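**Q** Okay, here's what each chain looks like letter by letter:
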Amino acid sequence: MALEVKELKTDFHNDWCVGCGDFGILNAIHMALAGLGKQRHEIAMFSGIGCSGKTPHWINTYGFHTLHGRGLPFAIGAKLANPELTVVCVGGDGDGYGIGAAHFLNSGRRNVDITYIVFDNGVYGLTKGQASPTLHRGEKPKSLPLPNINDNNNPLAVALCSGYTFIARGYSYDVKHLKDLILRGINHKGFALIDVLQPCPTYNNLQTKEWFEGIVEDEETGARVKGNPRVYKLEESGYDPVVKNPANLEEVEHKMSQAFLKTQEWGDRIPIGVLYQIDQPDYGARIAQRMPSYAKVSPAKMPFYDLATGKTTTDITPLLKDFQVV
Amino acid sequence: MEYLKEIAWLIGGPQGSGVDSSASTFAKALASGGYHIFGGREYHSNIKGEHSYYQIRASDKEVRSSVNQVHMLATFEEETLHIHKGYVIPGGAILFDPTLVKETDIGRKDVVLVAVPYMELIKQIATEFGKEKDVQKLAVMKNVLSVAASLALLEYPFDLIAKTVESFFKTKKPKLVQMNVRGAEIAYNYVRENYAKSPFPYRLKPIPVPAGEKRTFLTGTQAAALGKIIAGCRFQTYYPITPASDESEFLESHPEFGCVVVQCEDEISSICMAVGAAVTGVRASTATSGPGFCLMVEGMGWAGINEVPVVIFDYQRAGPSTGLPTRFEQGDLKFALNAGHGDFPRIIMAPGDMDEYFFDAIDAFNYAERYQLPVIVLNDKNLANSTKTVRWFDYSGAKVDRGFLLSDEALAKYIKSNGNGNGNFKRFHFEENGMSPRPVPGQVGGVFWNTGDEHDEYGHITEDPDLRLRMMDKRMKKLETASKEIPLDKKIKTYGPKDADCLVVTWGSTKGAILDAMEDLEKEGIKVRLLQICLINPFPTPEVMKELSQAKIKVGAEMNYSGHLCGVIRENTGIAMDSMILKYTGRPMKKDEMVDALRNIVKKAEKKVVLTHGA
Chain V
1 MALEVKELKT DFHNDWCVGC GDFGILNAIH MALAGLGKQR HEIAMFSGIG
51 CSGKTPHWIN TYGFHTLHGR GLPFAIGAKL ANPELTVVCV GGDGDGYGIG
101 AAHFLNSGRR NVDITYIVFD NGVYGLTKGQ ASPTLHRGEK PKSLPLPNIN
151 DNNNPLAVAL CSGYTFIARG YSYDVKHLKD LILRGINHKG FALIDVLQPC
201 PTYNNLQTKE WFEGIVEDEE TGARVKGNPR VYKLEESGYD PVVKNPANLE
251 EVEHKMSQAF LKTQEWGDRI PIGVLYQIDQ PDYGARIAQR MPSYAKVSPA
301 KMPFYDLATG KTTTDITPLL KDFQVV
Chain C
1 MEYLKEIAWL IGGPQGSGVD SSASTFAKAL ASGGYHIFGG REYHSNIKGE
51 HSYYQIRASD KEVRSSVNQV HMLATFEEET LHIHKGYVIP GGAILFDPTL
101 VKETDIGRKD VVLVAVPYME LIKQIATEFG KEKDVQKLAV MKNVLSVAAS
151 LALLEYPFDL IAKTVESFFK TKKPKLVQMN VRGAEIAYNY VRENYAKSPF
201 PYRLKPIPVP AGEKRTFLTG TQAAALGKII AGCRFQTYYP ITPASDESEF
251 LESHPEFGCV VVQCEDEISS ICMAVGAAVT GVRASTATSG PGFCLMVEGM
301 GWAGINEVPV VIFDYQRAGP STGLPTRFEQ GDLKFALNAG HGDFPRIIMA
351 PGDMDEYFFD AIDAFNYAER YQLPVIVLND KNLANSTKTV RWFDYSGAKV
401 DRGFLLSDEA LAKYIKSNGN GNGNFKRFHF EENGMSPRPV PGQVGGVFWN
451 TGDEHDEYGH ITEDPDLRLR MMDKRMKKLE TASKEIPLDK KIKTYGPKDA
501 DCLVVTWGST KGAILDAMED LEKEGIKVRL LQICLINPFP TPEVMKELSQ
551 AKIKVGAEMN YSGHLCGVIR ENTGIAMDSM ILKYTGRPMK KDEMVDALRN
601 IVKKAEKKVV LTHGA
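Quick note, the sequences are listed as chains V and C, same order. By the working numbering, the letter at position 90 of the first sequence is numbered 90, and the numbering carries on one by one without gaps. By the working numbering, the letter at position 165 of the second sequence is numbered 165, and the numbering carries on one by one without gaps.
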């Protein structure tokens, strides 16, 4: 029986700020997990530290609120040890692209079958709004005493050249669109990155909901009216992100090139949706290739002792014989 | 002429020139003739070219350490000759290449100088095998030749050498095997013919092995990896680091046991990935050395507060920082005890020989799961890279203890009798002994949370002062429980008579040099007792106090600058050591310097002896 969204909620007190973009992401995750056709116990949520880090506490599945920047290695360890689990990791932009950058970069090399959702708002919210790796140089949200001295990094472009096989961007106030992205990401066999534009109403007064949606004040009436939204959906622009034949290098090059151009769009036009998707062997398949037993039984469930006596059932005699001298 | 019961032989050369394989060949030839072996390996942090050397001790009884002076020195280039020629006993032998060094330039008239014209002999082999053009490539055979030449001088039977060379090259092409065996034979015959009448007095012959005794010859990392396999470790992470990587690479090279080995991007990832795996119920571990362990501290703290069983093998090397990256120190004890902010329970073990490397691995996973905490095993470079003959590991008595891990059936039963009102599980249920029942993700009815924050029984974040108090008490209580449950012989070991002239207290592989020294000192009439502390945390305070209170002179012996264990003993028992034997050159304590140090302490009441032997 499919899960209902209400079954995926917890009664743990939510302390995000009023109007926080995180709520949209949480709702989208609830909806996506409900639509997955799995049960609560089959899902494990992981997170790093920050406002986003608390997310698993509001999702009624196995939940692991780990360390700052380290959500990915924890999540990867769990998935590789028990591939039957659906593993979703969430984190912030500072968490994933700053302190956790080494794991972000290197996850592209492994293509572990998990989904990574990044709550991207340009600031470190929980420590009162310092500049995060995605804030542009010269920008000065109200939380900064001086304009940002660092350039921003471009996580989607980094992902593209680091081997990521599913790269997407969502917008936290388009919950249905985000839910679909998350479902696509979970169903993608491999590592799925979903960077989510998520306005921080408390510290980032530059990239606000109004900014993303092009809501402006009418000069004459003072009323808030819809202008030109910055955020647009790739799928509505005829963009096709999917590599049909991964063996066709020409096609791969073309799809990567168009995706790279999309990662460069910012300002007046900001694309959301799937930028790039390719089918490549995931890490589990690579392990199984060298260790056939892995495809049959996961490390977490592999028997290694007699349950009644506690005696080991592993026999290392052949190895000891290799070392035998007399 | 004298048949030796014990011999020390040293070979050296530039790294990458095959010194290790020649030492192994020499050692195995003697091991297959019934000798006990200890091989100590020294090398630089360098791929090719820097000086490395390998000392092999062979004896009719067990040997556990290196010595300062050797009977024979085998060289094929100048550097080794000049560094080590002073450490050959008078009457011993030095093998050298007469095309590189003049006999008169060596400056040792009290030893037998054996000139081995390596390239001339290699040319002869090349001709026999029609490889005249490849003479330069065959220069690597100097290794095999030097082994065969050494054993020829000792009149050790050639068939045992041939057998060893054959088995060493068994995975290579048949022609290569033939060439190396023939090369050994040519060198052997050359020395037999030219030095039959030399004054070198020592001989070796095969000795009987007690009926039914089977021995293996392996390194510390291999012993530890084998222990992990038996322990059921099926998930191992690592980041390349000397000298720990060998363990992970060994596990990776044996996929038939189903242990997934992941080479991570750094040690932070290594610990976090291992902990992430461990929460799913797999026995998970990581292996590293000091610099890597430094990076693991935060992740270990997370495992501590979330009560995750994870096993960390720290192969200690000389610090601080990169320090002496390929040398040995016991410098991580106080760090392991205190690594991390805040208090959380951890178990720390310190194996001191190959058997303990193997069996402690099994205990480590049992402790980790029973007490639901990180277990740190303090291995070291000394044993990691040493080779030793070890009695066949008999693991038939080894038991797996998974503590309060719930099977699907046990979880269903537990929920039935205890209820889980809202469908979630109290992973941190308050229990008298500190250990709560543990489900894993994937199990129906087991849903719980983990967080690095303080948490309630379900694992949800809390800052409630009362819950904080109770959770801290619950976690720390597990160490008390462990202290009560872990048997005495896993906490401490004692060797030697109770009425000894002095009691030496040590930990880890320094035990080897002390045990070897005790045998020599006994012959001089000095009685030594050894107290080895195997369980560093929880510290076996009453057991150690009892031993210390009976001692005439209390001596701490360890491989670091400040005497880590001595400090820990004082912190726990209030008792200070009378004397300390310390070494921090990066080279392991040797038997003979240990003999001298203990003699001086007993006879002259020396307070502090700093050892320095080893090139």
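It is worth saying that the hints were derived from the structure and are not from the lab. Among the clues, some could well be false.
[Claimed, not checked] Below 30 Å or equal to it, Euclidean Cα-Cα: the simulated DSS-like pairs (lysine-lysine) are:
(1) V:K6 with V:K140
(2) V:K296 with C:K399
(3) V:K311 with C:K552
(4) V:K296 with V:K321
(5) V:K6 with C:K552
(6) C:K48 with V:K301
(7) V:K140 with V:K9
(8) C:K416 with V:K9
(9) C:K170 with C:K123
(10) C:K552 with C:K523
(11) C:K416 with V:K38
(12) C:K109 with C:K137
(13) V:K6 with C:K426
(14) C:K490 with V:K311
(15) C:K523 with C:K5
(16) V:K140 with V:K38
[Stated by the list, open to error] The calculated label-pair distances, taken between Cβ atoms and stated as ranges, are:
(17) C:A139 with V:P318: 55 to 65 Å
(18) C:E256 with V:A247: 49 to 59 Å
(19) V:E253 with C:T99: 54 to 64 Å
(20) C:R470 with V:P292: 40 to 50 Å
(21) V:P318 with C:Q136: 30 to 40 Å
Here the structure is a predicted model, which means the values were calculated and not measured. Where is the CB? At the ideal position from N, CA and C, for every residue including glycine.
**Q** Which of the listed hints are not met by the structure?
**A** 1, 3, 5, 6, 7, 12, 16, 17, 18
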